[in-house]
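Chemist: Numbering follows our numbering, with no gaps: position 4 of the sequence shown is 15.
Calculated from the structure, these hints are not laboratory results.
Incorrect hints may have been included.
[Claimed, not checked] Computed spacing ranges between beta-carbons, pair by pair:
#1 P50 <-> R143: 17 to 27 Å
#2 V23 <-> T83: 11 to 21 Å
#3 V23 <-> R138: 11 to 21 Å
#4 G37 <-> T69: 17 to 27 Å
No residue lacks a Cβ here, since even glycine has one placed at the ideal position from N, Cα and C.
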Amino acid sequence: MMGAMSPESDVVAMRAALTEARSALGSGDVPVGAVVLGPGGAVVGVGHNAREADGDPTAHAEVLALRAAAATLGRWRLDDCTLVVTLEPCLMCAGAIVLARVPRLVFGAWDPKAGASGSQWDVLRDRRVNHRPEVVAGVLEEECGALLRDFFSGQRP
12 MMGAMSPESD VVAMRAALTE ARSALGSGDV PVGAVVLGPG GAVVGVGHNA READGDPTAH
72 AEVLALRAAA ATLGRWRLDD CTLVVTLEPC LMCAGAIVLA RVPRLVFGAW DPKAGASGSQ
132 WDVLRDRRVN HRPEVVAGVL EEECGALLRD FFSGQRP
């Protein structure tokens, strides 16, 4: 199991996820970014939403970051990693977190419409699943939410 993370290291990792989220803006994708921290705390995977860029409905930041981490580490079990993402994971991404055995999730903004990590659903703490990670919510919540609000305000007339 990985060592305990501190609130300060969560903020540093969330800043990296925010940088990654901004990478999605060039393709018109919703600016969500994710980083996976390995057992020593180093970044082993990154991802940002790329559904528009790749024409792939599964190209969410979390899924892409988990894939990258698995490739870096050479294994699908990420049971000593932390996933840090700017927006509360959806149902698909929450399922991927469970299946990858990620022990710790840190997220920024809540997603009251599609969140599956405490708002609409709470897949990650559901007693029926075989793996329930620790969830740390609201890290740099205002900054993460502002990036999304700015993006969507530019999309709507």
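Chemist: Regarding V23 and R138, is the given constraint of 11 to 21 Å on their beta-carbon distance met?
Modeler: violated, 33 Å
Chemist: Note whether the CB distance of G37 and T69 lies within 17 to 27 Å or breaks it.
Modeler: holds, 20 Å
Chemist: Assuming the hint says 17 to 27 Å, is it satisfied by the Cβ distance from P50 to R143 or not?
Modeler: holds, 20 Å
Chemist: Using the Cβ atoms, figure out if V23 sits within 11 to 21 Å of T83.
Modeler: holds, 19 Å
This entry does not satisfy hint 3, going by the numbered hints stated previously; all others are met.
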